[in-house]
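Engineer: Protein sequences appear in the order of chains U and V. Take this note's numbering: the final residue in the first sequence is number 342, and no numbers are missing along the way. Take this note's numbering: the final residue in the second sequence is number 684, and no numbers are missing along the way.
Some hints could be false.
[Unchecked claim] Straight-line distance between alpha carbons at most 27 Å, and here's what the computed DSSO-like set of lysine-lysine pairs gives:
| hint | chain 1 | residue 1 | chain 2 | residue 2 |
| --- | --- | --- | --- | --- |
| 1 | U | K115 | U | K157 |
| 2 | V | K496 | U | K154 |
| 3 | V | K496 | U | K157 |
| 4 | U | K164 | U | K231 |
| 5 | V | K457 | U | K157 |
| 6 | V | K457 | V | K499 |
| 7 | V | K499 | U | K164 |
| 8 | V | K506 | V | K496 |
| 9 | V | K573 | V | K457 |
| 10 | U | K231 | U | K115 |
| 11 | U | K154 | U | K164 |
| 12 | V | K506 | U | K157 |
| 13 | V | K621 | V | K573 |
| 14 | V | K573 | U | K154 |
[Said to hold, decoys possible] Pair ranges (Cβ atoms, derived):
| hint | chain 1 | residue 1 | chain 2 | residue 2 | range |
| --- | --- | --- | --- | --- | --- |
| 15 | V | P667 | U | F88 | 27 to 35 Å |
| 16 | V | D454 | U | R337 | 46 to 54 Å |
| 17 | U | P32 | V | R510 | 35 to 43 Å |
| 18 | U | F88 | V | T497 | 36 to 44 Å |
| 19 | V | A643 | U | Q91 | 30 to 38 Å |
| 20 | U | R35 | V | P512 | 25 to 33 Å |
| 21 | V | E432 | U | P32 | 30 to 38 Å |
| 22 | V | K457 | U | R337 | 41 to 49 Å |
| 23 | V | S574 | U | P85 | 28 to 36 Å |
| 24 | U | R125 | V | R650 | 28 to 36 Å |
Hints listed in this document are in silico derivations from the structure and should not be mistaken for laboratory results. Think of the CB as a built atom: it goes at the ideal place given N, C-alpha and C, for glycine as much as any other residue.
There are 2 protein chains.
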Amino acid sequence: MEARSLFIRACQGEATPRPPLWMMRQAGRYLPEYRAIRAGVTFLDLCKNPTLAAEVTLQPIRRFGFDAAILFSDLLVPLEAMGLPVAFTEQGPSIAEPVRTPADLERMSAFDPAKATAFVLDTIRLVRAALGEVPLIGFAGAPFTVATYAIEGKTSKRFLETKKFFYREPAAARRLLALLGEATAAYLLAQVAAGAQAIQIFDSWVGVVSPEDWDEFVFEPTAALVAAVRKSGVPVIYFPNGATTLLERVAGVGADVYGIDWRLPLDQARERLHRGGAKNFAVQGNLDPAVLLGPAERIVAQTADVLRRGGRQGHVFNLGHGINPETPLESVEALVRAVREG
Amino acid sequence: MEARSLFIRACQGEATPRPPLWMMRQAGRYLPEYRAIRAGVTFLDLCKNPTLAAEVTLQPIRRFGFDAAILFSDLLVPLEAMGLPVAFTEQGPSIAEPVRTPADLERMSAFDPAKATAFVLDTIRLVRAALGEVPLIGFAGAPFTVATYAIEGKTSKRFLETKKFFYREPAAARRLLALLGEATAAYLLAQVAAGAQAIQIFDSWVGVVSPEDWDEFVFEPTAALVAAVRKSGVPVIYFPNGATTLLERVAGVGADVYGIDWRLPLDQARERLHRGGAKNFAVQGNLDPAVLLGPAERIVAQTADVLRRGGRQGHVFNLGHGINPETPLESVEALVRAVREG
Chain U
1 MEARSLFIRA CQGEATPRPP LWMMRQAGRY LPEYRAIRAG VTFLDLCKNP
51 TLAAEVTLQP IRRFGFDAAI LFSDLLVPLE AMGLPVAFTE QGPSIAEPVR
101 TPADLERMSA FDPAKATAFV LDTIRLVRAA LGEVPLIGFA GAPFTVATYA
151 IEGKTSKRFL ETKKFFYREP AAARRLLALL GEATAAYLLA QVAAGAQAIQ
201 IFDSWVGVVS PEDWDEFVFE PTAALVAAVR KSGVPVIYFP NGATTLLERV
251 AGVGADVYGI DWRLPLDQAR ERLHRGGAKN FAVQGNLDPA VLLGPAERIV
301 AQTADVLRRG GRQGHVFNLG HGINPETPLE SVEALVRAVR EG
Chain V
343 MEARSLFIRA CQGEATPRPP LWMMRQAGRY LPEYRAIRAG VTFLDLCKNP
393 TLAAEVTLQP IRRFGFDAAI LFSDLLVPLE AMGLPVAFTE QGPSIAEPVR
443 TPADLERMSA FDPAKATAFV LDTIRLVRAA LGEVPLIGFA GAPFTVATYA
493 IEGKTSKRFL ETKKFFYREP AAARRLLALL GEATAAYLLA QVAAGAQAIQ
543 IFDSWVGVVS PEDWDEFVFE PTAALVAAVR KSGVPVIYFP NGATTLLERV
593 AGVGADVYGI DWRLPLDQAR ERLHRGGAKN FAVQGNLDPA VLLGPAERIV
643 AQTADVLRRG GRQGHVFNLG HGINPETPLE SVEALVRAVR EG
């Protein structure tokens, strides 16, 4: 009999003695051992070096004993593999020739993950060999979020180029999202084949879409991606950051787990997802990462509230967003204790 | 008998033959006549010059015949009057010495609007004299939103200084919000006395707070501000930008009108506000301003949808956020026609 981990059981909607715990961006700048490695290498080189990427993936597991590891990589790796080279500057990612016309889609194509993203698959293999019982989460960006980078060419505030492209070239926009979804499915299935035991799909910017745009552009390629990855048998977590307002609609994508930011308590999130038709799903979240900048008493109190509202069935404890680089280690320690002692 | 305008009647929850129409940032950079004035004067000088500020307030009324004018001014005017000088740079507003400790509150105090913000009241008087039947909306920032500028010293992305201050110095944070609320109430009542016939309170950044922080810090000073201004008899519009998730809680602030961004259809917004206990309220919104960058057919179709969902009782048509400077005039013309012809 397979001894499934706390994390996988919770992802599959089962009851667990306590919720498993991991943190978005747990392999990141709040860790001194991460900063030490990062001091000698650019962000992109770190992503592309399996030994180093595996090392930083493992760091938070060693220090805090989290219940899952998440691959260290970047959302834009597939975009580069599809033909849009990405540079990383102080201001964030930058794409010199973004997609602005239907013709620009000709520059993009599906890719063979084993060739174009071998460094990611190698990282996964290295991490799995070192992890033992702790499950490893692979990830990618959702079609909408990756499309915003393809179209804007950078992190945006108002996403006007994206929306303009959607409204002026709706057929090309749908083609772009479908293409991104299909390439991402192949990429994520390759991650699973290499050893990822769960997949998180980050829809970091989907909070800017209206319900109409969700229905017209975003829903279909997102649901198709989730379905394609679920066929592999691993649980799929969909994280619609900032889009708690859309939860009834989001429920249709058919994920195993829905990531919830800090704007809606988990019990209400469950209710809305249920109202939207989701069945047998788990929830993940949703402590405001900024709480970790406050005193321990507040961390403990708000963690207790998340634990209470999230319950002990189908609940993965996480932050509502990535941990901030400014977070003191003692805060993470207080959080870990609070979840373990629950 | 007073002939109350379409706008005021809709704000008071009454049925109107069609919803009145105005647009957030309607006096702004999408207008060539605005850009012509702005070419010769800095933003701050424009705010502080009643003749010019009145002129740009009137421009969109002349061109499009909107059903309400909104004072041209800036959210940070009261903050400067309270003792925190604000500079405007290309990157936005900047406060050299923001509030970071409880002691910093000593540098702030209530102010006499007739003295410290005479230019705003003069602008209102000039606009009113020129407007005729068209009602004038005065405005200010909500306590939370203004507090973020006081604490961050600029427009923020993650609002970590604000949240850190809240969590580490909760008593001082509540004092700051109360102080801002009281000063803003006096400021808005002075706007009403000078001739403003409705007031909009912009909570531009409240979308970043968790339900817990809303309850602990934001709700009370916001509700107190709304109540203080409502005593003057003019309708108060509260616009919790990005916070549709919190609508049931927002319902408690007791506004006459709730501004709704583009993330939630107006019929669902009404339902949630109702569920939160709001009674006899109107709604305002909620077309995604990015739609105005698309073709006319989409503008007409989505406007029709907002009209249908918003209904003809207690509905003020608006965008879900300020109009983008990139918006073509023909798009605004198409919108105006669509709302007028219903």
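Engineer: If a hint holds in the structure, say so; if it does not, say that too.
Structural biologist: Comparing the hints with the structure gives:
Proposed proximity of K115(U) and K157(U) is contradicted: the alpha carbons are some 34 Å apart, above 27 Å. A distance of roughly 22 Å separates the Cα atoms of K496(V) and K154(U); the hinted pair therefore holds under the 27 Å criterion. A C-alpha spacing of about 16 Å is found between K496(V) and K157(U), which places the hinted pair at or below 27 Å, so the restraint holds. With a CA separation close to 34 Å, the supplied pair K164(U) and K231(U) exceeds the 27 Å bound.
Distance hint between K457(V) and K157(U) is unfulfilled; the C-alpha atoms sit about 37 Å from each other, more than 27 Å. Note on K457(V) and K499(V): the hinted pairing is violated, with a Cα-Cα distance of about 34 Å set against a maximum of 27 Å. Straight-line distance between C-alpha atoms of K499(V) and K164(U) comes to about 23 Å, which keeps the hinted pair within the 27 Å bound. Restraint check: the Cα-Cα separation between K506(V) and K496(V) comes to about 16 Å, which is no more than 27 Å; the hinted pair holds.
Note on K573(V) and K457(V): the hinted pairing holds, with a Cα-Cα distance of about 23 Å set against a maximum of 27 Å. The suggested pairing of K231(U) with K115(U) holds, with an alpha-carbon distance near 23 Å, which does not exceed 27 Å. This hinted pair checks out: K154(U) and K164(U) have alpha carbons roughly 16 Å apart, not beyond 27 Å. Between K506(V) and K157(U), the direct Cα distance comes to roughly 23 Å. Compliance with the 27 Å bound is thereby established for this hinted pair.
Proposed proximity of K621(V) and K573(V) is supported: the alpha carbons are some 17 Å apart, at most 27 Å. A C-alpha spacing of about 47 Å is found between K573(V) and K154(U), which places the hinted pair above 27 Å, so the restraint is violated. A beta carbon spacing of about 29 Å between P667(V) and F88(U) agrees with the range 27 to 35 Å that was offered as a hint. A C-beta distance of roughly 52 Å is found between D454(V) and R337(U), which places it inside the suggested range of 46 to 54 Å.
A hinted range of 35 to 43 Å for the beta carbons of P32(U) and R510(V) is inconsistent with their spacing of about 23 Å. Between F88(U) and T497(V), the C-beta spacing of about 24 Å breaks the proposed range 36 to 44 Å. At about 37 Å, the beta-carbon gap between A643(V) and Q91(U) stays in the expected band of 30 to 38 Å. Checked against the given bound of 25 to 33 Å, the beta carbons of R35(U) and P512(V), roughly 31 Å apart, stay inside it.
Remark: the range hint 30 to 38 Å for E432(V) to P32(U) is upheld by a beta-carbon distance near 36 Å. Between K457(V) and R337(U) the Cβ separation comes to about 54 Å, which falls outside the hinted range of 41 to 49 Å. The beta-carbon spacing between S574(V) and P85(U), approximately 59 Å, falls outside the hinted interval of 28 to 36 Å. For the pair R125(U) and R650(V), the beta carbons lie near 55 Å from each other, so the given range of 28 to 36 Å is not met.
Hint compliance for this structure: hints 1, 4, 5, 6, 14, 17, 18, 22, 23, 24 are broken, all remaining hints hold.
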